[in-house]
Amino acid sequence: MQWLNVIIQGVLVGGLYAMFAAGLALIFGVMRLVNIAHGDLIVLAAYLALVATDALGINPLTAILIVAPVMGAIGYGLQRGLLNRTLGDDVLPPLLVTFGLSIIIQNALLELFTADSRRLAAGAIEVESFPLVEGVSIGVLPLLQFVAAVAVIGALQVLFYRTALGRAFRATSDDPAVAQLMGLDNRHVFALAMALSLAVVAVAGVLLAIRTNFDPAIGPARLIFGFEAVIIGGLGSLWGTFAGGIILGVAQAIGAHINPGWQVLAGHLAFLIILALRPEGLFPKVQG
Amino acid sequence: MPEPLLEVRALDAHYQDFQALFGVSLEIAAGEVIAVIGANGAGKSTLLKSIAGVMRSRPDAIVFAGRPIGDWPAHAVVAQGIALVPEGRRLFPSLSVEENLLIGAQLRRPGPWNLKRVYDLFPILGERRRMPSTALSGGQQQMAAIGRALMSNPKLLLCDEISLGLAPIVIRDLCARLPSIVAEGSSVIVVEQDIVQALKAAKRVYCLQEGRVALTGLSTQLTREAVSAAYFGA
Amino acid sequence: MSVAAGAGLRAPFEVEHASRSSRIGSVALAIAFVALVAAPSFAGRDDLRLLSEIFSYIVLASLWNLLAGYAGLVSVGQQAYVGIGGYVLFAATILAGIHPLAAVPLAGIAGALLALPVAGLMFRLRGHYFAIGTWVVAEVFRLLASQLSALGGGSGISLPAGTVIAMAATRQWREFLIYWLSLALLLAVLGAIVLLLRSRYGLALTAIRDNEIAARSHGIDVWRVKLAIYVAAALGTSMMGALIFLQKLRISPDTAFSVNDWTAFVIFITVIGGIGRIEGPIIGTLVFFILRKTLADLGSLYLLMLGAVAIAVMLFAPKGIWGFVAGRFGWHLLPLERRLRLPADTSTK
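Protein chains in written order, with the numbering used here: chain B, 1 to 288; chain D, 1001 to 1234; chain C, 2001 to 2349.
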């Protein structure tokens, strides 16, 4: 029974990791960019939610309605103003620019908010739980996070495969030059993709902030978890990324259960093992 | 000639240090089909790319419906009503046949072309609408590429070597549909290495040689010898 | 321009490496080297420590430059080897009683050996994913180090007094010793890089950097070359890590495997100085230390500005300071050009 509990907790937190990963995968799919500042942007969203809840006295979950559009706007501006210039064949410029961005965001947050640990209070929902079977109970908040992850990934799937915008994303990703011939302005399409990615980041950031303590330095670890989930799941499939997040969450939960100090390490080892045995990931999209 | 739909005026084009076009001029009126022929490397694709905005030029080097658009980017040129069927078809592999057509209509320009009309013109596409575009044969892909361009309801359709890699019967099939396209209100510039089909389809012909217009005239009035000389150089 | 060995050139040809500016540069560097060797006789302790720090950053940046600028391997995880070098040194001296000076090359070898399986895994990733993957590997080593209770676990450990004395009898001579060792390692690493780039291996590297597919089609075993460079960089980085922590006398997982100290600064130095040129890291390190001196009091604002400067350089002057200057004037500090010299009586077109 204990193991069932462990696995369930791992699955639930895996949903959060899947959201970290979805934002990353989206960007890489559309414009072959890996945003090293991704984790720090998750933390930025958490701090924005902090400011919003303090200033407006609202519940963090409500704050998502403010933070998501703000992050989306930041994403659009960031891509259009800065990151579009780094795109091209060379892998160095986007890597180095987003790395520099990561350092800038971390230190700006440090200056503004100090290194103190913070947490968002969501009220009673934080501790509520309900029993599933004998000896196993599920926290309402973790379940909510999981459901949110499913909803977000489901929504992204619908967006990508059933809307004109999604067609535009996929076409621009396939062939940016010919996409222009369809009337698509690449700069705008890429900026929209980044805006979408950061909106997802916003949801993930707020949920993270309710769940654990956060401070300006925790960004890189979130990037790494998202990245590991993408690689485990396999490139090119959003539900594969979701599965990758779940597997990572479960691996970490098992590691933590054996020894609390091994939680993160267990996740890394799972990632390295998958990389060694099946480098294309567990559910890669097979291109026709 | 009445006010031309498109005027190309002394167009130059460069690829870094290499000059591909030298002072090329041409005209096309509404409802016309013209052909641009020439050997490999003569500059035909470069000409189309310049018109479509993929390559930028002097503003007044390309005048469309009275507007100088030479320095406009491709996505803005499409919005004006010029659609390019690129060399090599270049359908989007991640999209199905129907999605490829739909993305052609991204700009929602008003006009007669829609999915049903395109499927009427190319019934095989209708049969295969849900398949990935990569599952089509070469000729079918070419139809899809033309259909995709038509979905933007262009006033001017640019066809870059649509006969390349296709069997003669397929090429004849494609060319047979040109009149329907013109009847719906588009002018067409056909770029070809295959002289025979080009001369059949087009009323007027321009022959490019090493970036310059070597010959132009009504296709019925040009002799084989004149065309050969212009094509290959004396 | 290719070195067409035997393909149509019948008369023997020579390859010239030096140019006027590189001759001046070489002389200048030689003079500087002599001055640096003699430094302990006139420089104070703080200055010697500063110089050691400068040397260590030039070494780390030069090795990162070799990986990223020449072999196309952009690693954000070289801190793994700095930490491995430090920890192997501490383990060797504390747990196995090995003399600290002997432990330095041992640390290098350990790093090189560990680099083999790491490369085996990491080379399955490309571009950005390779970069983050190397970061994950560094994190794994950091977490493993914090599990080693024999070496202080998460809080780290200090070098015992006995080991410290074993280096040299007085504090002053220990300082001198570490200073000279750092200088020696700097010379060895720079010398090795120059020799490598002048060799055929170096030509292969330049080919790979410019066009990997074309290089492969010419028979260059790209994978092997990259592996060799990766292992060599690990060797140098681990030895430098060992020396760095020998000087600090104390190690902990967070300092040993710090992304900021051993990767962020190194990347900024190389980008600002000029990627893909051997002089870049040298110039970049000097600029970095000048900036640090002038902006020392700003704390995290300093890092913030550094990030902004790196972004600006990447966008507007991607070849860095040296790339810009040398490109403009055709300078070379070190003799690394290749010019073909044919005897006068060869009749070729």
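For the record, the hints were derived by calculation from the structure and aren't laboratory data. Yeah, the Cβ is synthetic: ideal placement off N, Cα and C, and Gly gets one too. Any given hint could turn out to be false.
Selected chain C positions facing chain B (in silico; Cβ < 8 Å) [to be verified]:
| no. | residue |
| --- | --- |
| 1 | Leu2148 |
| 2 | Leu2151 |
| 3 | Leu2249 |
| 4 | Ser2258 |
| 5 | Ile2267 |
| 6 | Ile2321 |
| 7 | Gly2323 |
| 8 | Phe2324 |
| 9 | Gly2327 |
Not everything, but these chain D residues come out facing chain B in the computed CB check (under 7 Å) [stated by the list, open to error]:
| no. | residue |
| --- | --- |
| 10 | Tyr1015 |
| 11 | Ala1074 |
| 12 | Ser1094 |
| 13 | Ser1096 |
| 14 | Leu1107 |
Here are some chain B residues the structure puts well away from chain C; computed CB gaps all over 12 Å [stated by the list, open to error]:
| no. | residue |
| --- | --- |
| 15 | Gly57 |
| 16 | Ala108 |
| 17 | Val147 |
Outcome of the hint check:
1. Leu2148: violated, 12 Å
2. Leu2151: Violated, because the Cβ-Cβ distance from Leu2151 (chain C) to chain B comes to roughly 15 Å (cut-off 8 Å).
3. Leu2249: Cβ of Leu2249 (chain C) sits 26 Å from chain B, so the hint is violated.
4. Ser2258: violated, 11 Å
5. Ile2267: Cβ of Ile2267 (chain C) sits 7 Å from chain B, so the hint holds.
6. Ile2321: violated, 15 Å
7. Gly2323: The hint is violated - Gly2323 (chain C) has no Cβ within 8 Å of chain B, the shortest such distance being about 13 Å.
8. Phe2324: violated, 16 Å
9. Gly2327: violated, 17 Å
10. Tyr1015: violated, 15 Å
11. Ala1074: holds, 4 Å
12. Ser1094: holds, 4 Å
13. Ser1096: violated, 10 Å
14. Leu1107: holds, 4 Å
15. Gly57: Given that every Cβ of chain C is farther than 12 Å from that of Gly57 (chain B), nearest at about 30 Å, it holds.
16. Ala108: Violated, since 6 Å does not exceed 12 Å.
17. Val147: holds, 29 Å
In summary, the structure is inconsistent with hints 1, 2, 3, 4, 6, 7, 8, 9, 10, 13, 16 from the numbered list given earlier, while agreeing with the others.
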